[in-house]
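For reference, the chains in residue letters:
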Amino acid sequence: QSSVTLYGRVDLSVGSLKELGKGSETKMFQGGDGGLTTSRWGLRGSEDLGGGLKAIYKLENRFNATDGSSQDPFFKGESTVGLSGGFGTVRLGRSTTVYDDIRAVSYSANVFDSAFTPASNGVFKSGGDYNSRFNNMISYETPSFGGFYAGLNHALDNDSTKNETMTALKAGYKNGPLHAALGYQNERKTDDKYVALSGAYDLGAASISAGYNQRNGTDANGDDTEFTVGVNVPLGAVNLSAGYANSKTEKGGATSSKSSGFGLGATYSLSKRTRLYGGYRTHEVKNGAGTKTADTRLFALGIRHDF
Amino acid sequence: QSSVTLYGRVDLSVGSLKELGKGSETKMFQGGDGGLTTSRWGLRGSEDLGGGLKAIYKLENRFNATDGSSQDPFFKGESTVGLSGGFGTVRLGRSTTVYDDIRAVSYSANVFDSAFTPASNGVFKSGGDYNSRFNNMISYETPSFGGFYAGLNHALDNDSTKNETMTALKAGYKNGPLHAALGYQNERKTDDKYVALSGAYDLGAASISAGYNQRNGTDANGDDTEFTVGVNVPLGAVNLSAGYANSKTEKGGATSSKSSGFGLGATYSLSKRTRLYGGYRTHEVKNGAGTKTADTRLFALGIRHDF
Amino acid sequence: QSSVTLYGRVDLSVGSLKELGKGSETKMFQGGDGGLTTSRWGLRGSEDLGGGLKAIYKLENRFNATDGSSQDPFFKGESTVGLSGGFGTVRLGRSTTVYDDIRAVSYSANVFDSAFTPASNGVFKSGGDYNSRFNNMISYETPSFGGFYAGLNHALDNDSTKNETMTALKAGYKNGPLHAALGYQNERKTDDKYVALSGAYDLGAASISAGYNQRNGTDANGDDTEFTVGVNVPLGAVNLSAGYANSKTEKGGATSSKSSGFGLGATYSLSKRTRLYGGYRTHEVKNGAGTKTADTRLFALGIRHDF
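Protein chains in written order, with the numbering used here: chain A, 1 to 307; chain B, 1 to 307; chain C, 1 to 307.
Keep in mind the hints are simulated off the structure, nothing from the lab. The reader is advised that the hints may include incorrect statements.
One copy or any two copies: either way a pair holds, since identical chains are not told apart in the list.
Claimed, not checked - Derived DSS-like pairs (lysine-lysine); straight-line CA-CA distance at most 25 Å:
1) K174 with K125
2) K292 with K189
3) K286 with K248
4) K27 with K162
5) K251 with K54
6) K18 with K251
7) K125 with K189
8) K189 with K162
9) K162 with K22
10) K162 with K54
11) K22 with K189
12) K272 with K189
13) K174 with K162
14) K248 with K54
15) K162 with K258
16) K54 with K189
17) K272 with K251
18) K292 with K54
19) K272 with K22
20) K251 with K292
21) K76 with K286
22) K174 with K292
23) K18 with K248
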């Protein structure tokens, strides 16, 4: 018999976006640009092979629910097959990197890791940012050893005339309310190296998350130093969250740009699978001379449904 | 657990198409161009949220079954999420407009609202026609109040440099054998305004449908006056249907084009989900000087299967 | 109720490819280019219409699991609807041709009819090869009459300015361990005509398959004479297989190119739906003067999972 799970999520919101040098626009957001998350659907499953071994796969399309268009490539979200067992998990294909997992830890209590999270929307991208997904990856994740875990990606080239390989590593400790982890990603195409230190703690009445990242680039690209912190407060069906982030880029010893931003959000769960939400995010970027090069304000109200 | 329904339809036919200035072509039709309907597959579902409230979503791909190509955008048919309850239904995203619903009423007994229906294939398009779907829509439909209903769409711009908003309205009465309804659509991009008055009646031995439409355009676009009527006769597993339509476009007080056509069709149901069909459609368009600018004859035999 | 089966296959491998004039590349293969098969997912189903009659459909997407991209057109694998009964099977739409079925018989014990099968990867393509799928096809297959069967495809033109029709035929005998069949395909666009004679026999301890093909082209395209043979040895969960193929192209009575190659492969079944595999393929092509124009070595290890 077949063992496929068909799943998905549709997220749409209406709100306003104000950018530097432009008037305020009232518009509909497809989720990833002004909501909780990008809309998606996918196929996933696992097969029990005996002796604790499992075959696993996942294929995930991302799309813009505003106009029905598919994002590119078709299975942008993930396209993997692998084996899972006592030894951990080995997968082949396209997916997010283990470094992205560590970034996600630092946003776990930061305005729902959404379009309202300032770190991942504008602030950290002001100096250029890592690629969250790679094609042609061999990936390995250990099982948890009393809370300790580690993982590795290596993206192969598939074009002998270029060097577009990527290597990423993660190592962390997750036990009870505490999650602390370190990530590294080396992108050979740009020669940018990323390091992230992330932490999250669940205090019960609230949870907090924080992250500190560095990008070590070439002399031309410069280096980034980045920080973010967030707090999430659950109040029954309501969740309130806030986040702050700042970033600095240095080239040749001088600051070439500075960015900071904050976000606020609230969700109301109509069920486990359906929530209404509102969010606000602002961030600004200044160049080395102190001139604003970006000043963005986003506000939106929306709905997310999981199936 | 998941609550997704995977559904679809494959419609293919073989026939001939004769157009003005071209020989007759024998070809395969993908459904929408020479069959009952365009082939599609999709995901849809609803979640009971308690108190009569439901979360609903629908994602529908349209494709050409002749060659397997997807139509563009990927979820061309629909891409929506919303809430439904005692207050009616609110949805966000891409879908057909409520004006299109009223047009559909006027075709409901007119050669199966198919590629053989002359009104929606050639006759009404001779002067330019409305867009049946819009992106970025906020949509609301009332519940039925003793047969009376209404609905509204507003399409947001999503590009501040243009005004591409659209507003559509519908209001109708549907009770027992009678359905009468009025629709309005204002497309800001072209400044064309459409009004439709539709009616349908089920006599038992036959059902009839009719529609009267007006397009009020700019001086350059001109105005359209359109009429269609159809009849459907069910005979056990067989359905026979015929339709007629005419259209006139006026610019600056003078008639710039005239169009008329008729269609005939028969379906034979092998089951509720599978039917064989045959259809014939002809339409011609003449310009203000009385010269034919289109003269089309379509004949096809096909099969439609729903899943 | 719905009667749709959602199915698929993910196949990924890692290995090396060495081509004439290039260094050896280590890369990930999407399945079709260095594994057992191209990754895919699809929708298929049948509806019982009573009296032995069934409605059938199949829609199959092919994709590159290495990067998640869809192959083009979207339902490249198949897009058909039809009826099946005591009279045989009639289908409309896009699919593989019946000639391709006969080619497949000749590869049935030849390195798993995979990217490691030399005949279908490089050797037979050295002189140009047939198109395995066509759009706009009317297809018919007889039932089996005591083992004897036949089939027919006719691809319609869908563009009156060109002649791109195709006609294909097959006839065979399959009973117990023996399968012998003949195929023919006439592609009007290139004026190439293909004939294939295929056989397969299951000896129990091993199965063998062989094929002899001819392409009769225009004077400019030339003619091909092709041969392949393969053997498959099942050893419990392991399957070992080897294949050999050669091809010769003649233009104006002179040999314009010669090609040969062999392949080796092994699969290990973790379950009916999941297998690990390794394979090796080499082929070379020489032109009329005896100069090598291609010299390819492929080696890969991978995993295939069906769902």
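Hint check results:
1. K174 with K125: neither (28 Å within a copy, 55 Å between copies)
2. K292 with K189: neither (30 Å within a copy, 35 Å between copies)
3. K286 with K248: within (10 Å within a copy, 60 Å between copies)
4. K27 with K162: between (41 Å within a copy, 13 Å between copies)
5. K251 with K54: The answer is neither: 48 Å in one copy and 54 Å across copies each exceed 25 Å.
6. K18 with K251: neither (29 Å within a copy, 42 Å between copies)
7. K125 with K189: Classified as within; 17 Å inside a copy, 35 Å across copies.
8. K189 with K162: Result: close within a single copy only, 8 Å intra versus 38 Å inter.
9. K162 with K22: For K162 and K22, the Cα distance is within 25 Å only across copies (13 Å; inside one copy 39 Å).
10. K162 with K54: Neither: 35 Å inside a copy, 52 Å across copies.
11. K22 with K189: Classified as between: cross-chain Cα gap 21 Å, same-chain 34 Å, threshold 25 Å.
12. K272 with K189: This pair counts as neither: shortest intra-copy Cα distance 41 Å, inter-copy 41 Å.
13. K174 with K162: Neither way: K174 and K162 sit 38 Å apart in one copy and 50 Å across, limit 25 Å.
14. K248 with K54: neither (44 Å within a copy, 46 Å between copies)
15. K162 with K258: neither (33 Å within a copy, 33 Å between copies)
16. K54 with K189: neither (34 Å within a copy, 48 Å between copies)
17. K272 with K251: neither (47 Å within a copy, 57 Å between copies)
18. K292 with K54: neither (53 Å within a copy, 46 Å between copies)
19. K272 with K22: neither (38 Å within a copy, 55 Å between copies)
20. K251 with K292: Classified as within: same-chain Cα gap 18 Å, cross-chain 52 Å, threshold 25 Å.
21. K76 with K286: Neither, since 32 Å and 41 Å both go past 25 Å.
22. K174 with K292: neither (40 Å within a copy, 59 Å between copies)
23. K18 with K248: For K18 and K248, the Cα distance is within 25 Å only inside one copy (23 Å; across copies 45 Å).
Consistency with the previously given hints fails for numbers 1, 2, 5, 6, 10, 12, 13, 14, 15, 16, 17, 18, 19, 21, 22, ordered from lowest to highest.
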